[in-house]
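Chains A and B are the protein sequences, given in the same order.
So for the first sequence, my numbering puts the first residue at 1; every next one is plus one.
So for the second sequence, my numbering puts the first residue at 1; every next one is plus one.
These aren't lab readings, by the way, just hints derived from the structure by calculation.
Here the structure is a predicted model, which is why all the values come from computation and not from measurement.
Ideal Cβ positions, reconstructed from N, Cα and C, are used throughout, including at glycine.
Among the hints, erroneous ones may be present.
Quick partial rundown of chain B residues pointing at chain A, CB under 7 Å, derived from the structure [claimed, not checked]:
no., residue
1, GLN45
2, LEU53
3, ALA56
4, ARG81
5, GLY83
6, THR84
7, GLN99
8, THR104
9, GLN125
10, CYS137
11, TYR149
12, ALA151
Facing chain B, a subset of chain A residues (Cβ under 10 Å, in silico) [claimed, not checked]:
no., residue
13, SER29
14, LEU617
15, PRO619
16, PHE626
17, GLN675
18, ILE676
19, VAL681
20, GLN682
21, HIS712
22, ALA713
23, MET718
24, GLY722
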Amino acid sequence: MAKYVGTSMKRREDPRFIQGKGGYVANISLPNMAYLAIKRSPYGHARIKKINTKKAAKLPGVIAVFTGQDLIDGGVGKLPCGWNVPNIKVPTRWPLTIDKVRHVGDGVACVVAESAYIAADAVDLIEVEYESLPAVTDAKQAAEKGAPVVHDEAPDNVSYTWGIGDKAAMEEAFKTADHIVQLDLVNQRLIPTAMEPRAAVAQWNAATEDMTLWTTSQNPSPIRLLLSAFTLGIPEHKLRVISPDVGGGFGSKIFHYPEEIITPWVARKINRPVKWVSTRTEASTTDSQGRDHVTHCRMALKNDGTITGIDVKTWSNQGAYISTFAPLIPTALYLTLLSGLYKVKGIWGEMVGTLTNTVPVDAYRGAGRPEASYLIERLVDIAARELKIDPIEIRRKNFIPKNEFPYQTPVAFVYDSGDYGALFDKVEQMANYKQLRADQAEARKKGKLIGVGVAGCIEASGPAPSAVAGSLGSAVGFWESAKLRVHPTGKVQVYTGSHAHGQGHETTFAQVVADELGVKPEDVEVVHGDTAQIPFGMGTYGSRSISVGGSAIVRASEKLRAKALKIAAHQLEAAEEDLVYDQETGKVYVKGSPNKAKAFGELAFAAYTAHNLPAGLEPGFEETHFYDPANFTFPNSAHIAQVEVDADTGEVKIQKYVAVDDVGKVINPLIVEGQIVGGIVQGVGQALTEHGAYDEHGQLLTATLMEYAVPHADMFPMIETGRIETASPHNPLGVKGAGEMGTIAATVTIANAVMDALAPLGVRHIEMPLTPEKVWKAMQGSK
Amino acid sequence: MKQSVSITVNGVEHTQEVEPRLLLVHFLRDTLGLTGTNVGCDTSQCGSCTVLLDGAAVKSCTVLAAQADGSEVTTIEGLARNGTLHAVQEGFWEKHGLQCGFCTPGMIMTAVDLLNRNPHPTEEQIRHGLEGNICRCTGYQNIVKAIQYAAEKAG
C-alpha cells in the first residue's frame, strides 16, 4: 500500500540550504533594529560587589545598559524547572544574576546599541567589581562536607536524589554471585556544539501590544508558555514565538534561556526591534551542556556469564542552575535504562544531582541513555574478558528473548519489541566478526595493537505518555499535535508541533501524509515552528518526532478519510461501508465498481462548496489531532568497531565501523541512515576527543573550537550501516525513532574497542576521551 | 575613520565606506545582505563562513573587508549559474550531504576550491581537504560522497 513511506526521497528542504537561502534567526534584519550584547562573568564563582555602567552608557551608539536588577524591577521572572522530582531544590535563577556569578558565562548586565560592534565595545566598558570565591566543579566533590556552597538555598549542593529498582534482589544477586565486576568511571562533560550559535530577534508592536520573538528553539510552544507564565509576562495570545530554520540543536536548544527573555524585554523597553546573536565562546559558556557523571557501578554474574545483578551509584553534575528539564535526564532517562538488552532481575540504581560552578547540564543527544549504555556495556565487556567468554557470546547469553516482548524490566520500563539475536547475527555477518578476530590474533603476533569493540544498546525514545511523565515529575504533557488543512483544490498543509532542525520533517512528514491521503508529496506542505500557525506542540527531542508527531499526523489523516467517506457516500448514493478509500490514488469508490468514484480533490472541493453535503456534516476539510503516545518506544542496536592504537603515540585510528540498528519501521531510509551515521560520529567524539574541561576555579578550559575537539572528517572510514525492523506496536506507524541511537551506541563501542586493543598490555579501563596522551600514559603505566 | 572599499561579489562591484575593523563576513552578511555565508565560531575553526576570494577558499571571519578591497568574492549565492546548480550543490542534494544546513555553504565553497585544485581527489584527500570545516550533523560521510559525485560528474 505504501507508495512513498519506505522510499529514499531526496529532501525537499535542501534547495534553499544549498543555495544559501536558509532562514536562520541571525539572518533576520528589521528596520530600525538595535543589537544586544551580554556582559558575562569571567569567574567560576564570585560575589558581585559593584557594577559600573557609566562608561558603557556614554559610548556613542549605545542606547541603554541594563543590569539584572533593572530587569527584575522591570518585571521579569525566575527561570523555572519543568521536571520536579520529589523534594527537589531549585535555586533561584534570574535572567541576569544579581548577587553572585556561579559559572563562567553567567550574565550580569546587557547593552543595546546601534550596531553589534558598538554593543561588543560597550560590554567591555562595563566595570564589574568581583570578590572571587572558591569554586567546586566536580559532581561528587560538590556533595562532600566543606565544599564551596553554590546556592545558599541548597547548602549541601544537593538539588535532589533519586533511585529505582529492586534493592533486595540486587543485594541477593551480589551475595550469591560467582563473579563480581567493579568499575568506577567518569562520563565526562560534553559541550553540544550545534553549528548555529543561539540567537534571538524580538519585535514589539506598541500599537497592538503584540510581541514577536524569533528564537533558535527546538520547541517554540513550550518556550512561549514559559515566557508568558513565568519569565516575561506577556500573555500567550499576545506573544508569537517563531523558530524558523534552526542550525542543529542536539538537545541544547530545548531549554528556556535568559537571552530569549532579555531580548524581548529590551525590545519592548526601547520600542525597537532587537537582535542578539551568541558568539561561539558564549555558546560554550551558556548553552546547556551534557553528561558529566561520576559513577561507581558493579555487576554480579554466574561463572557461565549469566548476569544476575547490576548496582549503580551516580553523582550527576547539574551545573550552577537547574536547567529546564535537567532532573529528567539522570533519573527517568538513565537509571530506568540499566537493564540494557538483558534479562536481569537484581537491578538497583541511585543518583545524587549536585550543583557546581559550571554551565548548567541538561539533555544532550542521547541524554541519560548513553550514560546508561556506557556503564552496562563496559561492565559486560570487562566481565567477558575476566570470565574468558567472547564478548558477543556473553551478551547473547543474557538477551531478553524475542518471544518475551513486551518485556517488563525491574526499572520501570516495558520494552515494546525487539530481536536482539537477529540484530547481532546481522552485525556479526556484516562485520565478518570471526575474520576480525582472526586478523586481530595475527596482528597481535606482529606487535600491533588492534582492538575489536562490541556493544549492544537500548534506548527509550518518543517521550512520553503524559500521565507517566506526570508521575515522574514532569510539569507538562508529552503528546504532540498535528493539524491537516486540505485546501479546496486538494493541496494539503500540515501544521505540526514537531520542529525540524536538521531532521528532514518537511520530507518525511510529507511522505506519511501522501500515503495516508493518497496525494503526491509535492502537494503537501509541512509548516512548523510558528506558534501563530501551529497548534500548541511539544517540539522535537528524544527522537520523538516521527513516533509522536508522525502518529498525530496519521490520526488526523484518519479523521480526514472518515469525512471523505461520508461526503463520497452521500454523493455516490452508497453506504459508507460499501466504499473503499484507495490510499494510493486518493480516490473513494464503490466496492466492485471502481468507476463509481470521487477523486480526493473533488471531495475537498465539495467539502468547501458545501452545496451537497450529508445532513449535519460541517463544511470544510481540516482536522486536528493531539496524540498522546501509549508508551515509549525502544530502539536498539548492535555495533562493532575495529581500531588500531599506535604503540608509540597512543593515537587511536578507526579502521572499520559497522552499525546495525532496529529503529522500527523506516519512513525514509536515506534520512535514517544520515541520522545514524551523524549520531555515530558524535558518539565517537565523546569516546576519543571531546571534553568540556574545567579547572579548579571553574574556568572552562575548552570554550572555543580551538580547545573543544569535535570530530573532523579525517577521523573516519566509511561507516557501514544495516537494519533490522521490528515494528513498535505502540504507534500506528510502527516506528521507534532514529535520532539518538548512533550516539548512544558509538561511544561505548569505541571505548570497548580501545580497551580490547590494550588488553594484552593489562590495561583495564581508561577514562574518556581516549586521547593519545591518556592512552600513551596508560600504556606506560602498564609496562 | 571609515575607508572606502570596492569588492566585486558574485560578479557585482560594491563600493562602500566601512570601518577598518569590519570583517569580510560581516560586510557580506550585514552590509550587502548576503546571509548565505554563516558564522559558526570566533576562532576560524568551523569553516561555516568559507567563501572564494580571488578563486581561493578563505574563512571570511578572518579577512577584513579592507583586505578584500579590489578583490573578487564568490559566495554560496553566486554559485548556481542561470538557475542551474553547481555540481557540488547537486551532489549535496543527491547524497544527503546536509541536515541542518548551517555548515553547508562553507562546506560547498571548500569543496569547490578542493575540486578546482584537484579534480579527482581520493577519499582520503577529500577528508583531509575538509579538515578546516566542521559539520556536527552528518558525520561527514555523505559530504564525502557528495564531493565524489561532483568529481565524477565533472568527468
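**Message:** Are any of the numbered hints broken by this structure? If so, which, sorted upward?
**Reply:** Of the numbered hints, 2, 3, 4, 5, 6, 9, 11, 12, 14, 15, 16 and 24 do not hold.
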